[in-house]
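Taken in order, these protein sequences are the chains called X and U.
Letter by letter, the first sequence follows residues 1002 to 1352 in this note's numbering.
Letter by letter, the second sequence follows residues 1002 to 1352 in this note's numbering.
None of these hints come from the bench; they were simulated from the model.
Values in this document were obtained by computation on a predicted structure and should not be read as measured data.
Be aware that a few hints might be false.
One copy or two, either will do: identical chains are not told apart, so a pair holds if it fits within one copy or between any two.
Claimed, not checked - Here are the simulated BS3-like cross-link-like pairs (lysine-lysine), alpha carbons at most 27 Å apart as the crow flies: (1) K1023 <-> K1256; (2) K1052 <-> K1032; (3) K1023 <-> K1010; (4) K1265 <-> K1010; (5) K1010 <-> K1307; (6) K1122 <-> K1216; (7) K1037 <-> K1256; (8) K1032 <-> K1265; (9) K1166 <-> K1010; (10) K1032 <-> K1256; (11) K1307 <-> K1228; (12) K1216 <-> K1010; (13) K1037 <-> K1052; (14) K1075 <-> K1256; (15) K1052 <-> K1265; (16) K1166 <-> K1023; (17) K1309 <-> K1228; (18) K1052 <-> K1075; (19) K1075 <-> K1307; (20) K1265 <-> K1228; (21) K1256 <-> K1010; (22) K1122 <-> K1075.
Number of protein chains: 2
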Amino acid sequence: MLEDKNMIKTPISALGEFGLIKHLTQSFEIKNPTTKTSIGDDCAVIDPDGKKMVVTTDCLAEGVHFNLGYVPLKHLGYKAVVVNLSDVAAMNVKPSQILVSIAVSNRFPVEALDEIYAGIKLACDRYQVDLVGGDTTSSNAGLVINITAIGMEVEEEIVRRSGAKPNDLLVVTGDLGGAYLGLQILEREHAVFLANPNMQPEMEGYDYILERQLKPEARTDVKNILKELGITPTSMIDVSDGLASEVLHLSDQSKVGFRLYEEKLPMDSLTVTTAEEFNLNPVVCAMNGGEDYELLMTIAPSDFEKIKNHPDFSIIGHAVDAEQGNFLVLRGSNELSQITAQGWDAFLNRS
Amino acid sequence: MLEDKNMIKTPISALGEFGLIKHLTQSFEIKNPTTKTSIGDDCAVIDPDGKKMVVTTDCLAEGVHFNLGYVPLKHLGYKAVVVNLSDVAAMNVKPSQILVSIAVSNRFPVEALDEIYAGIKLACDRYQVDLVGGDTTSSNAGLVINITAIGMEVEEEIVRRSGAKPNDLLVVTGDLGGAYLGLQILEREHAVFLANPNMQPEMEGYDYILERQLKPEARTDVKNILKELGITPTSMIDVSDGLASEVLHLSDQSKVGFRLYEEKLPMDSLTVTTAEEFNLNPVVCAMNGGEDYELLMTIAPSDFEKIKNHPDFSIIGHAVDAEQGNFLVLRGSNELSQITAQGWDAFLNRS
C-alpha cells in the first residue's frame, strides 16, 4: 500500500548487467581514505592501515525478512545496510565499506532497483560508508538482498562476545520491543488493506515504533560515547534477534550466566501501550521481539559510576557464574523466570 | 537427474537458525593465521598484517546461474566458492577467507544444505581458505548463494584492470569455451531426460568440458607461476563472462585497444569437436562462452621470452592505442572483426 503505482517501468534487461551496475552506483562517492579501489575491478582494495578488519554478511529475503506489501523499497535498502552496520558497531568498530548483492526477479523494473539503491545511498551518506562492490543478478522469484560490511580497528578497541566476567554489569542502549510492535501495526493494517483496499490504514500515533521497524538505525554512535566515558565493554552484541537470544549468546561465548531485572528493561511508553492494545505482554516484546538494533554489552563493575545516569544506557542486570544460568528476576518479587531462546528465528516463526 | 532421491529429509526448522549454522559449519577448520575470530561473533576479525585487503562478492541464483535439474548441490557449493576465489586471483592475490550467505526455501531439507556445505568445505580445503562467517535464511522460493571472498597482499603485488599499456602482450591461461559447451551438453541431456525419464543421458566422452562447467577451478596457482617467471602483469581480469567481455573491460579501464588473433585462441580439441556437433562456431564459444575462470592479463613486451613457450599461458594478442579499438584478426587473413560485449549476461540471455 506504500508502493507508488505510477512508477515508470523500465525492464532490467534494457540496461544489461554492466549498464545496470553503472546506472545504480554512479551517484555513490568514496568517503574513506582506506578505500583504494572501488566498483569496477574484480575486487575492491582496502587499506586497513595497520588495523585489523572486521567483516560481516547478512541476507534479507522477501517474504521472510520483509513484505513488499508494506515495506517501501527505499526503506528496505536503508535497513539492509543498517542491519549489517549494526554488526560492525557491535564489535566496537566504525563501519567503513559495504558490498551489496541483489538477486531480483524480472517482475521488478529498474525503477524498483533505483528505489532500493536510493535507500542504500542514504545509509551510506548517513553512516559515511563506501559502497565498494557487489553484484546484481536476476533470480527465479522474489528479492534477496545480501550485504557485506567491513570496518577496521586496532585490536585493543575490538570487543567480542566472549569477554564478560561474573559481576560485570549488563547494559543496553536505547529502548526495546518497539520494532516488533511496529511490525504488528504494519501487519494488522496490511491485513485490513487486503480485506478492503478502500480502508485507510490507521498509522497515526504509531510513528516511533513504525520507524523502529521500517527505518532502524545502527548504534555506530555508541563507540564514541563509550570512549568519552572512558569505558571499554568487556563483551558486546547487537540486539537483532531479541534480548533473550542475545543474552544467551553472551552467556554461551563468555561462559557466564546472567540475571536480568524485569523492572529495568527500557521500553518506550508507546511500546507498552501498543503491546497492551494487542494483548501482548510488553516484557515479552522487549525480551523476544528483536530487530531493535540496540547494543547489549557488559562493563566492569568499576565503570558503574561513569554510566549510571547516562540517558543512552540502561543497566538491566549483571553476569553471574555460568552454573547459575540465565534468569529474568520478575518485577516486585524475587521470582526467577528462565531465559530461553525465544528470539526471532527466520525458520521457525515466519516461514 | 543427478540428485539422490533417497536422501533423508530433515526440515530446516527442526534445527532452528543457530542450530543450523552450528550444524553446517562445525566441520570447518581455520587454516590461516590471519583469521583471528571466525563464526560465532557479530563479525569475523581478520589481521591483514600490514597488507591491503581485496574483497569481492558474487551471487548465484537458481534458474539463472544454475539448474538443480542437472547441477548436483555439492558441485554448486564448490563452484560458488570458486567463482569468488577467481576474482581474488584476478587481483594477483591469494584468497584467504570467505563468508557464505544462503537463502533457501523450505522445500530444501537440511540434507540439501549439507550437500552444498560439503562442496563449500571441499573448496575451502582445496584452496586453503577459511569460512569465517555467513548467514543462512529461508526464502520465498528458489536458492540464492552469495559468497564474499577476501585476500590480502602488499600494494606492489596487486594487479588491477587498469594498468595495460599499448604494445603490452595479451595473455590468457588454460583454454577457453569448454565450460560453455559443457553447459550445452547438460542442457541437451536434461531436455532428453524431461521428455523421457527412462532415457539414459549420453555424457560419456564429454568429461573434460562437463568438469569445466560443473567443477571449475580458480587459477590461484597462476600467482606463484608468474612469480617464478619473474613477471608482474600490468593488468588482469578473470574470464567469467567470456573473453570478449573481459577484453572490453581491460580496454575500458586501461584506456587501450586490443588486437586478438583467432588462430592463437587456446581451445581443447573436445571443445572444438563438441562445438561442431552443436553447429556452433568454436571461436564464438571461446570468445563469448564465459565461465572458464581462466585469467586474462597483459604483460610488458619485454617479458615475452619468459612466457613464450610456457604450457600454462597463451599469447593471444597485444594492446594498441585506444583509438584503434578492439578487433579480432581472423585466421589466415588480415580481416578484422570488431569485438563486442556478447559476453554472458545474466539478464539478457538466461532470464
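If you check each hint against the structure, which ones fail?
4, 5, 8, 9, 14, 15, 18, 19 and 21
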